[in-house]
Amino acid sequence: MGNKERIDYLLLDIRELEKIVAGIRDAEVYPVSFFSQTFDLTHKILKDLHTLEGEQVELMRKQMEEYQEMIREIPRPEPLPAPEPEPVPEVIPEPVHAEVMEKTSVSLNDVLEKKNLLDFRKAFSLNDHFYFRRELFSGDEAKMNKVISDLNELHSYEDSIDYLNNKLNWEVDSPIVSEFVKLLEKRFS
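Numbering (our numbering), first residue to last: -6 to 182.
Bear in mind the hints are in silico, worked out from the structure with no lab data behind them.
The list that follows gives simulated cross-link-like pairs (lysine-lysine, BS3-like), each with its CA atoms no further than 25 Å apart:
{"no.": "1", "residue 1": "Lys12", "residue 2": "Lys37"}
{"no.": "2", "residue 1": "Lys136", "residue 2": "Lys175"}
{"no.": "3", "residue 1": "Lys115", "residue 2": "Lys179"}
{"no.": "4", "residue 1": "Lys40", "residue 2": "Lys136"}
{"no.": "5", "residue 1": "Lys(-3)", "residue 2": "Lys12"}
{"no.": "6", "residue 1": "Lys55", "residue 2": "Lys40"}
{"no.": "7", "residue 1": "Lys175", "residue 2": "Lys115"}
{"no.": "8", "residue 1": "Lys37", "residue 2": "Lys(-3)"}
{"no.": "9", "residue 1": "Lys136", "residue 2": "Lys160"}
{"no.": "10", "residue 1": "Lys179", "residue 2": "Lys139"}
{"no.": "11", "residue 1": "Lys115", "residue 2": "Lys139"}
{"no.": "12", "residue 1": "Lys139", "residue 2": "Lys160"}
{"no.": "13", "residue 1": "Lys160", "residue 2": "Lys175"}
{"no.": "14", "residue 1": "Lys175", "residue 2": "Lys139"}
{"no.": "15", "residue 1": "Lys115", "residue 2": "Lys160"}
{"no.": "16", "residue 1": "Lys40", "residue 2": "Lys(-3)"}
{"no.": "17", "residue 1": "Lys115", "residue 2": "Lys136"}
{"no.": "18", "residue 1": "Lys12", "residue 2": "Lys40"}
{"no.": "19", "residue 1": "Lys160", "residue 2": "Lys179"}
{"no.": "20", "residue 1": "Lys37", "residue 2": "Lys136"}
{"no.": "21", "residue 1": "Lys55", "residue 2": "Lys(-3)"}
{"no.": "22", "residue 1": "Lys136", "residue 2": "Lys179"}
DEER-style ranges, computed between Cβ atoms:
{"no.": "23", "residue 1": "Val174", "residue 2": "Pro88", "range": "51 to 59 Å"}
{"no.": "24", "residue 1": "Lys179", "residue 2": "Leu5", "range": "38 to 46 Å"}
{"no.": "25", "residue 1": "His122", "residue 2": "Arg(-1)", "range": "19 to 27 Å"}
{"no.": "26", "residue 1": "Arg114", "residue 2": "Glu77", "range": "50 to 58 Å"}
{"no.": "27", "residue 1": "Arg54", "residue 2": "Glu79", "range": "47 to 55 Å"}
{"no.": "28", "residue 1": "Pro86", "residue 2": "Asn120", "range": "52 to 60 Å"}
{"no.": "29", "residue 1": "Glu79", "residue 2": "Val174", "range": "54 to 62 Å"}
Note that the coordinates shown come from a computational prediction; the quantities given were computed from them, not determined experimentally. Ideal placement from N, C-alpha and C gives every residue a C-beta, glycine not left out.
Model the full assembly from the supplied sequences, consistent with the hints where possible.
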């Protein structure tokens, strides 16, 4: 099945979900079937999106392999021989009395990574985002955004952990919570 067909089916499911929700809009009491239908349809939509995402990642991987192969096939010119070095006259250095400053080894990558993590949202890959939203926030995008926004306002790792412990009832020993906390650690390291 092609991507266009998958998207068409996805849109049909979304319209169906919208139709079901709109149908009970004015009701005081919602039937039990409403919840099971909408949950099933929502899970199907999420599963289809996840499948589509996986296929896109695989497609991108294959394209990258093709590009790498094309790059390998490009002929490389022979390097020119290095010119003979000219003799340098010997200079006797005079002692200079200067204060030596200690160099810090901060790379551009460290600076950029630290800057990116000022916004905790940027610590997540697309897969992480879907994974955490589904597993930690029960699929609630608004709740996830609120927590991340609140974490962005905190200025220490300890405050962030206190916030998570007090506001959210997560199982601290859970592997997914550990992954989330590792990304949070990176932000403050």
